[in-house]
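Turn these sequences into a full structure, and let the hints steer you where they fit.
Protein chains: 2
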Amino acid sequence: MSSNRLIYLPLGGAGEVGMNCYVYGYGPEGKERFIVVDLGVTFPDMDSSPGVDLIFPDVEWLEARKNRIDGVFITHAHEDHVGAIGHTFSKLGAPIFTRAFTANIARRKLDEYGVDPSAVTTVSAYPETITAGTFEVSFVPISHSIPESSALLIDTPVGRLIHTGDFKLDPDPLVGEAWDPVLWTEISKPGVKALICDSTNVFSKDAGRSESSLAPNIRGLIESADQMVIATTFASNVARVKTLAEAGRAAGRSICLMGRAMQRMVQAALETGVLADFPPTIGPEDALDVPRGNLMLLVTGSQGERRAASAQLANGKYRGMTLKEGDLFLFSSKTIPGNERGVIRIINQLSELGVDVVDDASGQYHVSGHANRPDLEVMHDTVAPQIVVPMHGEHRHLREHHKLCQSKGLQSIVAVNGTMVDLTGNAPKVAEFVETGRTYLDGSTQIGALDGVVRNRIRMALNGHVMVNVILDEDEPLGEPWCELMGLPEVGESRVPLVDILEEDLHQFLMRAGGKTLRDDAKLEDELRKITRRTSQSEIGKKPEVTVIISRLN
Amino acid sequence: MSSNRLIYLPLGGAGEVGMNCYVYGYGPEGKERFIVVDLGVTFPDMDSSPGVDLIFPDVEWLEARKNRIDGVFITHAHEDHVGAIGHTFSKLGAPIFTRAFTANIARRKLDEYGVDPSAVTTVSAYPETITAGTFEVSFVPISHSIPESSALLIDTPVGRLIHTGDFKLDPDPLVGEAWDPVLWTEISKPGVKALICDSTNVFSKDAGRSESSLAPNIRGLIESADQMVIATTFASNVARVKTLAEAGRAAGRSICLMGRAMQRMVQAALETGVLADFPPTIGPEDALDVPRGNLMLLVTGSQGERRAASAQLANGKYRGMTLKEGDLFLFSSKTIPGNERGVIRIINQLSELGVDVVDDASGQYHVSGHANRPDLEVMHDTVAPQIVVPMHGEHRHLREHHKLCQSKGLQSIVAVNGTMVDLTGNAPKVAEFVETGRTYLDGSTQIGALDGVVRNRIRMALNGHVMVNVILDEDEPLGEPWCELMGLPEVGESRVPLVDILEEDLHQFLMRAGGKTLRDDAKLEDELRKITRRTSQSEIGKKPEVTVIISRLN
Numbered sequence: 023m024s025s026n027r028l029i030y031l032p033l034g035g036a037g038e039v040g041m042n043c044y045v046y047g048y049g050p051e052g053k054e055r056f057i058v059v060d061l062g063v064t065f066p067d068m069d070s071s072p073g074v075d076l077i078f079p080d081v082e083w084l085e086a087r088k089n090r091i092d093g094v095f096i097t098h099a100h101e102d103h104v105g106a107i108g109h110t111f112s113k114l115g116a117p118i119f120t121r122a123f124t125a126n127i128a129r130r131k132l133d134e135y136g137v138d139p140s141a142v143t144t145v146s147a148y149p150e151t152i153t154a155g156t157f158e159v160s161f162v163p164i165s166h167s168i169p170e171s172s173a174l175l176i177d178t179p180v181g182r183l184i185h186t187g188d189f190k191l192d193p194d195p196l197v198g199e200a201w202d203p204v205l206w207t208e209i210s211k212p213g214v215k216a217l218i219c220d221s222t223n224v225f226s227k228d229a230g231r232s233e234s235s236l237a238p239n240i241r242g243l244i245e246s247a248d249q250m251v252i253a254t255t256f257a258s259n260v261a262r263v264k265t266l267a268e269a270g271r272a273a274g275r276s277i278c279l280m281g282r283a284m285q286r287m288v289q290a291a292l293e294t295g296v297l298a299d300f301p302p303t304i305g306p307e308d309a310l311d312v313p314r315g316n317l318m319l320l321v322t323g324s325q326g327e328r329r330a331a332s333a334q335l336a337n338g339k340y341r342g343m344t345l346k347e348g349d350l351f352l353f354s355s356k357t358i359p360g361n362e363r364g365v366i367r368i369i370n371q372l373s374e375l376g377v378d379v380v381d382d383a384s385g386q387y388h389v390s391g392h393a394n395r396p397d398l399e400v401m402h403d404t405v406a407p408q409i410v411v412p413m414h415g416e417h418r419h420l421r422e423h424h425k426l427c428q429s430k431g432l433q434s435i436v437a438v439n440g441t442m443v444d445l446t447g448n449a450p451k452v453a454e455f456v457e458t459g460r461t462y463l464d465g466s467t468q469i470g471a472l473d474g475v476v477r478n479r480i481r482m483a484l485n486g487h488v489m490v491n492v493i494l495d496e497d498e499p500l501g502e503p504w505c506e507l508m509g510l511p512e513v514g515e516s517r518v519p520l521v522d523i524l525e526e527d528l529h530q531f532l533m534r535a536g537g538k539t540l541r542d543d544a545k546l547e548d549e550l551r552k553i554t555r556r557t558s559q560s561e562i563g564k565k566p567e568v569t570v571i572i573s574r575l576n
Numbered sequence: 023m024s025s026n027r028l029i030y031l032p033l034g035g036a037g038e039v040g041m042n043c044y045v046y047g048y049g050p051e052g053k054e055r056f057i058v059v060d061l062g063v064t065f066p067d068m069d070s071s072p073g074v075d076l077i078f079p080d081v082e083w084l085e086a087r088k089n090r091i092d093g094v095f096i097t098h099a100h101e102d103h104v105g106a107i108g109h110t111f112s113k114l115g116a117p118i119f120t121r122a123f124t125a126n127i128a129r130r131k132l133d134e135y136g137v138d139p140s141a142v143t144t145v146s147a148y149p150e151t152i153t154a155g156t157f158e159v160s161f162v163p164i165s166h167s168i169p170e171s172s173a174l175l176i177d178t179p180v181g182r183l184i185h186t187g188d189f190k191l192d193p194d195p196l197v198g199e200a201w202d203p204v205l206w207t208e209i210s211k212p213g214v215k216a217l218i219c220d221s222t223n224v225f226s227k228d229a230g231r232s233e234s235s236l237a238p239n240i241r242g243l244i245e246s247a248d249q250m251v252i253a254t255t256f257a258s259n260v261a262r263v264k265t266l267a268e269a270g271r272a273a274g275r276s277i278c279l280m281g282r283a284m285q286r287m288v289q290a291a292l293e294t295g296v297l298a299d300f301p302p303t304i305g306p307e308d309a310l311d312v313p314r315g316n317l318m319l320l321v322t323g324s325q326g327e328r329r330a331a332s333a334q335l336a337n338g339k340y341r342g343m344t345l346k347e348g349d350l351f352l353f354s355s356k357t358i359p360g361n362e363r364g365v366i367r368i369i370n371q372l373s374e375l376g377v378d379v380v381d382d383a384s385g386q387y388h389v390s391g392h393a394n395r396p397d398l399e400v401m402h403d404t405v406a407p408q409i410v411v412p413m414h415g416e417h418r419h420l421r422e423h424h425k426l427c428q429s430k431g432l433q434s435i436v437a438v439n440g441t442m443v444d445l446t447g448n449a450p451k452v453a454e455f456v457e458t459g460r461t462y463l464d465g466s467t468q469i470g471a472l473d474g475v476v477r478n479r480i481r482m483a484l485n486g487h488v489m490v491n492v493i494l495d496e497d498e499p500l501g502e503p504w505c506e507l508m509g510l511p512e513v514g515e516s517r518v519p520l521v522d523i524l525e526e527d528l529h530q531f532l533m534r535a536g537g538k539t540l541r542d543d544a545k546l547e548d549e550l551r552k553i554t555r556r557t558s559q560s561e562i563g564k565k566p567e568v569t570v571i572i573s574r575l576n
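One line per chain: the protein sequences are A and B, in this order. Counting from 23, one number per residue, gives the positions in the first sequence under our numbering. Counting from 23, one number per residue, gives the positions in the second sequence under our numbering.
Don't take each hint at face value.
Since the list can't tell identical chains apart, any single copy or any two copies may satisfy a pair.
[Stated by the list, open to error] In silico SDA-like cross-links for lysine to any residue, where the CA-CA straight-line distance does not exceed 25 angstroms:
1. Lys113 <-> Pro66
2. Lys564 <-> Arg477
3. Lys227 <-> Ala471
4. Lys215 <-> Ala273
5. Lys227 <-> Ser390
6. Lys430 <-> Glu347
7. Lys356 <-> Ile366
8. Lys113 <-> Val456
9. Lys339 <-> Ser140
10. Lys564 <-> Val518
11. Lys564 <-> Glu208
12. Lys211 <-> Ser160
13. Lys430 <-> Asp248
14. Lys545 <-> Thr467
15. Lys565 <-> Leu484
16. Lys425 <-> Ser234
17. Lys227 <-> Ile358
18. Lys227 <-> Asp248
19. Lys564 <-> Ala283
20. Lys53 <-> Ala471
21. Lys211 <-> Arg551
Simulated from the structure, these hints should not be mistaken for lab results.
See the structure below:
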């Protein structure tokens, strides 16, 4: 019994923002029973993952131990916490537990991926407790930017853990449960071994602002508008969507939700009772008949996503609706780092249409869903844990949170993805490093981030691609070699088509090549590639990717 | 004579930030004489221009009229104003005029591109005047974030123009000339027909801050550091580099400049007398012998550029130097939109090394080089022009600047790249739209942005590439078709190699294909491509780019 250990292992979300996946385990080394907290996605970009559809944690480590997983617990319904359940369920096979609103979203995801939605069990908030192996787990309500976000209270044989999930300390979040210091003091009273704590906003020095603080600003802005009003925000921020809709109604406008995610989130909130009421809405067809000054569109695409409603509206038309000179477009959102180009593109397109754009630059129309530095301190002080493990953030966030803990005399550890932390004793210590990684959803296939597939795509994008075709008959070249170019300039230094120069150089080489080279596919391919790259370098100053196709007739 | 017209035509920089190039012309329609103001570059990104080295304006319109160009005037030495002179000089062939510091940089650029540096003529500041065709042009000193930035005073037969270039109103820029309201009142007194005016910071509501306001903050920060200090900023901001170096010296540190651009800019400033003195510096080799607490590195790469000194230091080592726990890294710069990912990558790498990072989030360590909204109003009021033409900015900036002018009762016009504005009369009017575009420097070749070369690279990056190889002998398939894959998953739905499934499907098709198809290269290629895409879609959920290579032996 003394050889049992309590471990914490982030497989995603620690050392990055997004793709959250945390493992807790208890038992003898190598025989621990596990629970998994969150299975989220992150989003690809052209720089590092062109053509990829979604990114999620490589769960190979868990898959190899799937018979030891007693449950998957989802803290809330943001994509970076729940988005990968459809893609990973078959590998893990463990039951999924979460609260009603998140369950509604999660079941739809499983269904879309052909998994029986009954894999998800709906759990009520604390004090309801799920027994998962040696763990007792409860969902503790906490405010965030989505309904029913929850921390997890995890009782283990060696003490209580609290995994905050994403959170802020909002006394009036409008939808969902407020920050409840009485409840949190109560659950902390027995003593908390470790607080595993969101780090996202550790660099924000002022206390966070309440969701409710925005309503007067938003109402004032919409009241001042003459023509059509279009507002976008994160669809999952149901409180914000409601605030926007109510402000529109108060200004005498009909409300139209545009974009699938926007409709789905409001529907899920209503179905699960999270939202008791929502202003009446009209469909996109009916919206076309409403005078522009009496209409407000609530649209998806606050991050500049190319296919979302806002991008399509900015680009010309969406569901028959067009924007016009004097319309007001509100970004009730912040731009997540990395999405700036897409958002700016939309703002400029709106500018070309004569649409007036208001964003969160003034701080009046958006608040963050994460705890700022002083709020983190309130959490530390309320829970008064033996250990703090900074979680959910890039390395700089985890380290800053760690330094904050140290400055307060709290024990803490920086644990990035793959760092297995032993929490059994009084001090956290690194038990081992586990190989972790990213899995790409590419079309309908899952590939490893390091499989080389995407690396080859990036190379073709940077360098272009030359295909060299050679036919040999009884080890003698039959005709001349033939090149196809893709993604390369047609003409270089010599002002003669590059393809002609390449073919000539390759032909000259084949004429000179000895039988030994011509008989050896690997050697021949290597030489042809070298010549192609060298000639290209001198002609166009680039070394392309080269595929050599040797056909032998004999 | 009454048919003469005065025109303004932006070919770059209006409707975007970067790649500045403006044309002024005077004369009978179609026979105007021209001057060109600035020939700048903009930088490629993976999203829209993978593999491209530099982007500059398509100067085809000018090239077709090169015998009517009387001079190229460069306002200042930022890359987005001077970067393209080497690449475009041979197309335009016109003499280049600029002030000493900019000339120093410009000549080096021409030299690197094999152009005789004597093409650049050094001009003193106003009141020296260059006669260029019917224009009289002077360089009017104005503060910015680089030495000797200048507005252009352009006297035309129908009135005076002022082209601001990039500017701010800094009473104490530390290096270079201060904003001089007396001088500007003097040059405006005769009456100014049109002010062509920087719009970059029109959304910044507070008056701009002086370069000199940073010195105490920077000095305080560096004094507080125990270990090595590393600071990065835009190398061309010589005043900032000097402030940083002086703060380092004041704290008893040896100063080492790292990165070619940093050394070059300081050298150019000293050579041209712009900088009278600069603290003594030591070379990278000597820096290795200095105790870390007595050393300060001034490095390039504030925008996260992968090859710059800061990226290499963050990544491990640069010129023998490594960073350590407790070092202080200062970004005395802002991150230009679009560069966030690269900068954040470096900050996280520094965090992993235990280096403490300070950026401009607090506003203490960086000021902008552009005029904010109230400063633009001061400029409008000082010059009191008949017309304001917003320049240098994305569409949203130009439009906001235009709205600002309208609100003050000033005549104004939004003119994006390609909009030829007739300034002859009392009101600006659009004369015509000229086709404009971007030229890519790709390796050593110049290609048009719309040539399709880069589009094909993007497609390969998103979709992967399949090469299909078929050999026909007297219109009969010889052997089986053969595929090569690049950038595609090896295995799809069927759990069999994708290449095998593709080859089998193509083989089946060839067996069934009639002589008519087999004899027709275009038809055969089309069918083989369709099958490849269809099979790939069902196997891996993606439709790849396909190159079909048909070899006929007869």
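Legend entry - Hint check, failures only: The structure conflicts with hints 3, 4, 9, 11, 14, 16, 20 and 21, although it agrees with all the remaining ones.
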